[in-house]
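Colleague: Single-letter residue listing:
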Amino acid sequence: SQKIEQNSEALNIQEGKTATLTCNYTNYSPAYLQWYRQDPGRGPVFLLLIRENEKEKRKERLKVTFDTTLKQSLFHITASQPADSATYLCALPGGYNKLIFGAGTRLAVHP
Amino acid sequence: EPEVTQTPSHQVTQMGQEVILRCVPISNHLYFYWYRQILGQKVEFLVSFYNNEISEKSEIFDDQFSVERPDGSNFTLKIRSTKLEDSAMYFCASSAGTSGGAGEQFFGPGTRLTVL
Chain A
2 SQKIEQNSEA LNIQEGKTAT LTCNYTNYSP AYLQWYRQDP GRGPVFLLLI
52 RENEKEKRKE RLKVTFDTTL KQSLFHITAS QPADSATYLC ALPGGYNKLI
102 FGAGTRLAVH P
Chain B
15 EPEVTQTPSH QVTQMGQEVI LRCVPISNHL YFYWYRQILG QKVEFLVSFY
65 NNEISEKSEI FDDQFSVERP DGSNFTLKIR STKLEDSAMY FCASSAGTSG
115 GAGEQFFGPG TRLTVL
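If you read the protein sequences in the order shown, they are chains A and B.
Take the first sequence: its letters are residues 2 to 112, numbered as in the working numbering.
Take the second sequence: its letters are residues 15 to 130, numbered as in the working numbering.
Heads up, a few of these hints could be off.
Stated by the list, open to error - A partial selection of chain A residues facing chain B, derived with a Cβ cut-off under 10 Å: (1) Y37; (2) R59; (3) L63; (4) A84; (5) L90; (6) P94; (7) G95; (8) K99; (9) G103; (10) A104.
Claimed, not checked - Listed below are the simulated DSSO-like cross-link pairs for lysine-lysine, each with C-alpha atoms no more than 30 Å apart in a straight line: (11) B:K56 to A:K72; (12) B:K56 to A:K18; (13) B:K56 to A:K4; (14) B:K92 to A:K64; (15) B:K71 to A:K72; (16) B:K56 to A:K56; (17) B:K97 to A:K72; (18) B:K56 to A:K60; (19) B:K71 to B:K56.
Keep in mind that the hints were calculated from the coordinates and are not lab data.
We put the CB at the ideal spot given by N, CA and C, even for glycine.
Just need the whole structure built from these sequences, with the hints factored in.
Modeller: Next up, the structure:
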C-alpha cells in the first residue's frame, strides 16, 4: 500500500524566509497530490492540488512541485509570516475515492 | 463562503454506548467522507459515500460503524458500541468531484469523541 513520508521534526524559520517542506511516497505514482494545512484542534484546509503532468503549481505565496521520478513533492511558502505557523499535510489518493494523509510537518515561523 | 458543519463539537460517552455524529456537507457536493484523527496521529480515512451508498471503506470501518444520508442535507456516522480506542477527532468532508475521485476535499471542524 502507498506510504507517505513527511519530516516529523518541526521546521523553525525566521519571518520573511522561504519554508520548504518535503513529501516522499513509496509506491505507485499517483495521478495527483494535494497539500493541506491543519491548525491545532481544527480540520485540514485544502491548499493546492498538483497533477502528475504538472511540474509546478503556484498560488499566491505557495508553490508546489511534483517529481514522479524522485517520488517527491516539495511545498514552498515564500516570505513566510507567523500566521503561516501550522502543520502541513501531504495527501495522495489511496483509491478512487479516498485520501491517504502523511503525518504532517509542523512549521513554526518566528518574528 | 460555504462550509462543512459538524455537531456536536465534543461528545463524551460511556464505553458500549451508541453515538451518532452529524455533518452537513457543502450543498452542491456529491462525495462525502468520514476521517478520524487520534490525538497526535495522522488523519485516517474511514469511509466514502457517493450516490447514496458506500463507495469505499477502510479496515477500521467494521460492523460497529455505519453511515447514512437521511435527507438531502445531513450525513451521519453511527458507532453502535463504542470502545475506548474510538476516542478521536472525527472529521466529515465533502467534495464536488470535479477533479475526479478523491479531489480537493473540504473538511468540517470535527467532533471530539471521548469514550470513558
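Colleague: Next step is simple, just say for each hint if it's right about the structure.
Modeller: Status of each hint after checking the structure:
Because the closest C-beta pair between Y37 (chain A) and chain B is about 8 Å apart, less than 10 Å, the hint holds. Nearest Cβ of chain B to the Cβ of R59 (chain A): about 16 Å, over the 10 Å cut. The hint is violated. The interface hint given for L63 (chain A) is violated, since its Cβ lies 14 Å from the closest Cβ of chain B, which is over the 10 Å cut-off. For the restraint placing A84 (chain A) at the interface with chain B, the shortest Cβ-Cβ distance is roughly 18 Å, beyond the 10 Å limit, so the hint is violated.
A distance limit of 10 Å between C-beta atoms decides the matter here; for L90 (chain A) the minimum to chain B is near 7 Å, and the interface restraint holds. Annotation: P94 (chain A) was flagged as interfacial toward chain B, and the flag holds, the nearest CB pair being 4 Å apart, inside 10 Å. Below 10 Å, beta-carbon pairs count as interface contacts, and G95 (chain A) has one with chain B at about 7 Å; its hint therefore holds. Of the supplied interface hints, the one on K99 (chain A) holds, with its beta-carbon coming within about 4 Å of a beta-carbon of chain B, less than 10 Å.
Checking G103 (chain A) against chain B: minimum C-beta separation of about 7 Å stays under 10 Å; hint holds. Checking A104 (chain A) against chain B: minimum C-beta separation of about 5 Å stays under 10 Å; hint holds. A distance of roughly 20 Å separates the Cα atoms of K56 (chain B) and K72 (chain A); the hinted pair therefore holds under the 30 Å criterion. For the suggested pair K56 (chain B) and K18 (chain A), the alpha carbons sit about 27 Å apart, so the restraint of at most 30 Å is met.
Between K56 (chain B) and K4 (chain A) the CA atoms are separated by roughly 12 Å; this keeps the pair inside 30 Å, and the hint holds. Between K92 (chain B) and K64 (chain A) the CA atoms are separated by roughly 39 Å; this puts the pair beyond 30 Å, and the hint is violated. Restraint check: the Cα-Cα separation between K71 (chain B) and K72 (chain A) comes to about 26 Å, which is no more than 30 Å; the hinted pair holds. Under the criterion of a C-alpha separation no larger than 30 Å, the hint pairing K56 (chain B) with K56 (chain A) is consistent with the structure, at around 27 Å.
With a CA separation close to 38 Å, the supplied pair K97 (chain B) and K72 (chain A) exceeds the 30 Å bound. At roughly 25 Å between alpha-carbon atoms, K56 (chain B) and K60 (chain A) fall within 30 Å of each other, so this suggested pair holds. For the proposed pair K71 (chain B) and K56 (chain B), the alpha carbon gap of about 17 Å is at most 30 Å, so the pair holds.
Going down the numbered hints, you'll see the structure goes against 2, 3, 4, 14 and 17, while the others check out.
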